[in-house]
Every structure is written in structure tokens, then in C-alpha cells.
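2 protein chains.
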Amino acid sequence: MTTETTTRVVTRQAGPQYDVDELYEGVLKANTLHLARAITLIESQRHEHRELADQLLTKLLPHTGKSLRIGLSGVPGAGKSTFTEAFGTYVTGEKHRIAVLAIDPSSPKTKGSILGDKTRMEHLATNPDAYIRPTPSGCTLGGVARRTREAMLICEAAGYDIILVETVGVGQSEIAVAQMTDVFVLVLVPGGGDELQGIKKGIVELADVLVVNKADGDLERAADRAKGSYQNALQLLYPSTSKWIPPVLKVSSVENRGIDTVWETLVDFKDVKQEDGQFEKRRMAQARDWMWSEVGDNLMEALRAHPAVNAMIGELEGEVAHSRATPSAAAKAMMEAFVKGSYRP
Amino acid sequence: MTTETTTRVVTRQAGPQYDVDELYEGVLKANTLHLARAITLIESQRHEHRELADQLLTKLLPHTGKSLRIGLSGVPGAGKSTFTEAFGTYVTGEKHRIAVLAIDPSSPKTKGSILGDKTRMEHLATNPDAYIRPTPSGCTLGGVARRTREAMLICEAAGYDIILVETVGVGQSEIAVAQMTDVFVLVLVPGGGDELQGIKKGIVELADVLVVNKADGDLERAADRAKGSYQNALQLLYPSTSKWIPPVLKVSSVENRGIDTVWETLVDFKDVKQEDGQFEKRRMAQARDWMWSEVGDNLMEALRAHPAVNAMIGELEGEVAHSRATPSAAAKAMMEAFVKGSYRP
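Protein chains in written order, with numbering that gives the first Met the number 0: chain A, 0 to 344; chain B, 0 to 344.
These aren't lab readings, by the way, just hints derived from the structure by calculation.
Errors might be hidden in some of the hints.
Treat identical chains as interchangeable: a pair holds within one or across any two.
[Claimed, not checked] Using 20 Å as the maximum straight-line C-alpha spacing, the simulated EDC-like pairs for lysine to aspartate or glutamate come out as follows: (1) LYS65 / GLU318; (2) LYS331 / GLU300; (3) LYS331 / ASP296; (4) LYS200 / ASP275; (5) LYS226 / ASP193; (6) LYS339 / GLU300; (7) LYS65 / ASP267.
Remember, predicted model here, so these are calculated numbers, not experimental data.
With the sequences and hints as input, model every part of the structure.
So this is what it looks like as C-alpha cells:
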């Protein structure tokens with residue numbers, strides 16, 4: 000007896016397939032599935048996906064920009080998720096659509112991120128006018144920041160008119176967030192005395208609005224004191240000619256108090272900045288700076304990847320750190336290895 | 000009658016001559032003439048001089064680093080020159096040797112600089128233990144900063160154990176100064192009420208020590224009030240775990256009061272930072288960062304000078320600023336032109 004077997008050959012193409020036109024149409028129709036796929040596409044590290052992503056973004060570009068881009072930072076324990084939930088619920092109640100993105104380059108790929116953790120924002124996660132996305136994973140802040148900026152553009156094209164970009168404030172991530180948003184909000188909690196917990200050197204200087212969270216129960220009086228002291232401090236530390244001195248707002252996210260004032264303050268800020276053209280100027284400068292910073296990153300990446308340069312980096316850093324070689328001489332050595340001896344400073 | 004004329008041919012070599020060994024010996028002997036020539040050499044834009052400068056700096060490197068590097072900023076009118084004069088006179092009286100350098104990239108080449116203007120520091124200019132040098136001229140902050148850092152190394156090799164690097168605070172020059180010094184001093188003047196004049200956004204955050212100058216005569220009470228308010232403000236704006244919260248010191252440069260306290264405070268700062276190794280770590284990080292920032296500058300310069308790239312910059316910046324092209328796509332276009340189509344992101 001002979002047994003015949005037929006083997007059906009299944010050719011699976013490498014990786015997921017993306018149809019730029021389909022995604023384009025879907026995003027403009029605010030189809031959440033296509034929105035998610037589009038963002039996954041731009042997060043992909045693969046070369047062929049990057050090309051498709053660039054095509055998609057270029058097509059969507061005329062539909063972007065029509066939002067208020069809000070940066071948000073605060074240490075763990077400041078109640079950022081609770082604040083975001085309350086804020087998102089409020090603005091969607093006012094007929095806005097909010098996208099919540101995150102930058103957290105330290106987040107290990109497998110563990111996921113604290114930010115964009117939908118379990119901490121249960122209501123917002125099921126709100127049809129809200130979209131929440133965890134941080135893209137990535138090794139460099141530059142790479143993560145680029146993907147987040149592009150995700151922001153896609154969300155804008157999908158009709159989200161408020162974009163919230165959060166960070167826990169690791170390394171330079173607050174600066175990256177400030178560089179891609181229109182207004183930066185810092186969430187802090189009272190420390191018991193006059194002071195606020197979570198102050199990091201330089202962070203207050205970035206903020207356009209300070210929110211004292213957890214201004215309820217035992218902490219309410221501390222919140223009042225902190226608000227007063229910080230308002231005085233900021234008044235001193237800003238040039239007297241400033242059109243905007245960061246206000247300090249008390250909020251209780253759990254009791255849902257003060258959230259409306261935060262929103263009105265952000266609208267005020269936008270109005271003030273639009274009055275003298277600063278709002279648009281800032282966005283244009285941010286776009287140009289983004290371009291140059293990508294050029295810089297690409298150049299540096301190319302240099303560091305060059306075999307001859309790569310081989311000398313460790314030693315040169317050591318020589319320079321221990322004052323055995325001048326930084327200029329070391330820089331020149333790297334440049335010469337990179338352009339194979341034809342470099343003329 | 001015939002007249003014979005002989006023409007003596009003088010072959011003049013292009014530009015001044017520099018003998019690296021002679022300069023090396025002279026600098027180590029603290030010969031001011033050689034010190035000045037050495038700094039002029041490193042300020043030169045000419046390629047052959049740059050090579051000699053690198054040789055000289057490498058030879059001198061083991062003799063550098065033995066100083067306290069102090070950054071100083073304050074708006075015009077804050078009395079920086081008077082303060083520097085008083086400070087320099089005091090520390091030389093305590094057997095130190097002080098070099099005063101400046102960073103002022105906006106200073107037009109022909110007009111000279113306000114900083115390093117010896118007529119404003121008459122006593123210090125004739126003090127044998129002080130050396131004053133105006134800002135190097137230059138188009139880019141990066142170029143000016145590099146020359147100043149190198150001048151600093153040469154002064155250290157010549158035995159100056161206090162280096163003061165001043166700036167009027169144009170653009171990013173304060174940040175450049177903070178990146179090459181151990182401690183940053185901000186000089187401000189009372190404004191009449193509680194506030195201090197000359198506050199610039201972000202500048203207080205850079206400072207390790209604040210000096211309220213002109214605390215004499217009519218302004219003395221205002222200086223007292225300002226000192227109190229700013230001390231409170233800084234207490235709030237620094238993490239409670241900070242080992243150093245910038246003190247606010249009252250000084251009258253003309254009446255020579257408070258200068259000794261400034262010096263003692265700087266010595267304190269160095270002690271605090273050396274206790275946990277921060278002082279050395281900071282210098283090592285600054286040296287490494289200087290190397291990478293030169294590499295970055297060199298790469299960007301090479302890219303911008305590339306004819307194909309140069310031709311597209313204006314248009315790309317416009318496209319990007321007006322949201323007609325994504326910054327990533329524009330960056331890629333430049334990279335491709337730079338590496339002639341072989342660029343793979």
C-alpha cells in the first residue's frame with residue numbers, strides 16, 4: 000500500500016505587512032486600529048519599515064499640528080497617572096480628544112512602562128475619545144524621542160486635539176519632552192513643610208505650569224503653604240519683563256478639584272504665546288531643531304560605527320579623562336580615522 | 000654714469016613664527032611674553048598654527064589642572080569688572096595667581112570686548128600675579144569656547160592657580176562657561192524691591208554661588224532684602240538631599256566688603272565636591288564631553304560645507320518649518336547628499 004501525502008507550502012513574508020494608503024485613510028478617519036498600526040510601523044527599527052513610515056508621515060503632514068501639545072513630568076509618587084486620568088476625563092467631557100504618549104528610555108523592553116500603563120488609568124483607557132500609548136522602546140533617548148514625535152503627528156492627523164507627552168524624568172528626557180511640546184507641566188507633591196517633593200535641579204526652570212497634586216486630606220494645608228512659597232520664589236526667579244511667570248496650581252486628582260483651572264491655565268498660556276507669535280515661532284524652531292538634531296545623531300552614529308573609530312573610542316576617552324591627551328587632539332584623531340586621513344580642520 | 004643698485008631680497012615667511020619648545024619652556028617659567036604668544040598661537044585660525052598649538056598643548060598637559068576654575072556671569076551694570084578687580088586683588092594678596100579670561104562671541108573683532116578690558120580693571124592689569132586676556136574673536140560659540148579652554152590650560156601650566164572665565168551672558172555662553180569650570184558665580188544687583196536685576200531664565204539654575212553686588216549706600220537695604228528672599232527661593236528649588244544649595248552673598252566691590260567671604264565660599268564648595276569625588280568626576284566628564292562636542296562640531300561643519308548639502312539647507316529648513324516635509328525626511332536627504340547616496344539609516 001502506498002500513502003500519498005501532499006505538503007502545502009506556506010510562504011510567509013518576513014514580518015507584518017503595511018499598506019501606506021490604507022493606513023493613511025484609516026488614520027484620517029480616526030480608526031483606532033489603523034492608528035495603532037501606524038504607530039507600530041513608525042516604531043519599527045527595520046529599514047524597509049522606516050521607508051514606509053516616512054512615506055506615511057509625509058502624506059499625513061498637512062493634517063497635523065492642530066492640537067495643543069502638553070509635556071508632563073513628575074517623579075514616581077507625584078500621582079501623574081491619577082492626574083492624567085482626571086485631566087483626560089475632564090477635557091474629553093469638554094468635547095476634546097486626547098492622546099497620551101510617553102517617553103521612558105529606561106523602560107526595559109519586557110517589563111513594559113509605568114507610563115502609559117492603562118491599568119493605572121482605567122477610565123481613560125476605555126474612554127472612546129482618549130488614546131493611550133506606552134513609550135516606544137529604544138536604546139537612545141534620541142531614537143525614543145523621534146518615535147514619540149512621529150506618533151504625535153499621527154495622533155494629530157487622526158483628530159486628537161490634545162496630546163499629552165509624559166515622562167518620569169530620567170536623564171534628559173524632560174528636556175526632550177519640552178522640545179516637542181508647546182507647554183510643560185510639572186506635577187509635584189507637598190513635602191510636609193513649605194517644600195515640594197520631587198524637585199530636580201533644573202526641572203522647575205523648564206516648567207510653564209506647576210501643579211501641586213494631592214492637595215487633599217492631611218496634605219491640603221501643606222499644599223497651600225507650598226503653593227504660596229513657590230509662587231513667591233518663581234516671581235523672583237523670572238525676569239520682571241516676563242509675559243508669563245509659571246503659576247502654581249493646587250489640584251486634588253482623586254477629589255477632582257482644580258482640574259478645570261489647569262485646563263484654563265493651559266488655554267491662557269496658548270493665548271499669551273499666540274498674541275506675539277511666539278507659539279508658531281516655537282513650533283517652527285522645534286521642527287528645524289529636530290531636523291538638525293537628527294542630522295547630528297546620524298552623523299555621530301555613522302562615526303561611532305566606523306570600525307577604525309570604534310576601535311579607538313575607549314582608549315581616547317580614557318586618555319582625555321585622565322589629561323593624557325587634549326580633547327581637540329582626540330577629536331581630530333577620530334575625524335581622521337573617519338574620513339581616512341583626508342580631514343582638514 | 001651707471002648706477003648700480005642691489006636689491007636685497009628679503010624672504011619673509013608668511014605670518015608670525017612659533018617655536019613650540021621655546022613657548023613650552025617659557026610658559027612653564029611663567030614668562031608672560033611667552034604665555035601671551037602661546038595663547039595667540041592657539042587662537043590662530045591657520046591650519047599650520049593649529050598643528051603647532053596641538054603639539055604645545057599636548058606637551059603642557061601634564062602641568063595643567065592645578066587650579067580652581069571659576070565661571071562668572073552677570074549682565075552689564077552688575078559691576079562684574081569691579082567685582083573681578085576686587086576679587087583678583089584679594090586672592091593675589093593671599094598669595095594666589097589669577098588669570099582672567101573671557102567668552103564673548105558677540106564681540107566685534109575691531110571694537111574689542113567689554114570683558115578683559117584692562118582699563119576697567121586698572122589695578123589688576125598692573126598686578127604681577129594677575130593675567131588678563133580679552134575674549135578670543137570667533138564666529139561660533141564652539142570655536143570661542145575651545146580657544147578659551149585651551150588658554151585656560153596654558154595659564155594653569157604657567158602656574159596660575161585661579162582661573163576666572165567671564166561672560167556677559169549672550170546666547171548660550173553661560174552654559175559654555177559652566178561646562179569648562181568647577182564652580183559658577185552669578186553676579187546680580189538689587190532691583191529696589193525684593194528682586195534682583197539681571198535674572199535671565201535658566202541662569203539662576205546654573206549658579207553655584209550668587210553674589211549680590213553693590214550692597215552699599217542706597218542699595219544696601221535692598222541688597223539685604225534680596226539676599227533673604229533669594230535664599231528662601233533657592234532653598235525651595237533645590238532637592239532637599241542636595242549637598243550644596245547656592246548661597247547668596249552680599250558684596251560691595253567698591254567698599255571691598257564681602258570679597259573674602261566669596262573666596263571662602265568657593266573654597267568650601269571645592270571641599271564639599273572633593274569629599275565625594277564629584278570634583279574630579281566633573282572634570283573628567285567635562286573633558287570627555289569637550290571631545291565629543293568637538294567631534295560633533297567637526298562633523299556638522301564638514302556636512303554643512305559639502306556643496307550638495309549646502310545647496311539644500313535653506314530650502315529644507317523652510318520645508319520643515321512650514322510642515323511641508325518631516326524633519327526626519329529632511330535629515331535623511333542631507334545625509335544622503337553627504338555620503339552620496341550610500342547612507343543607510
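Structure-inconsistent hints, enumerated in ascending order: Checked against the structure, no hint fails, so every one of them is satisfied.
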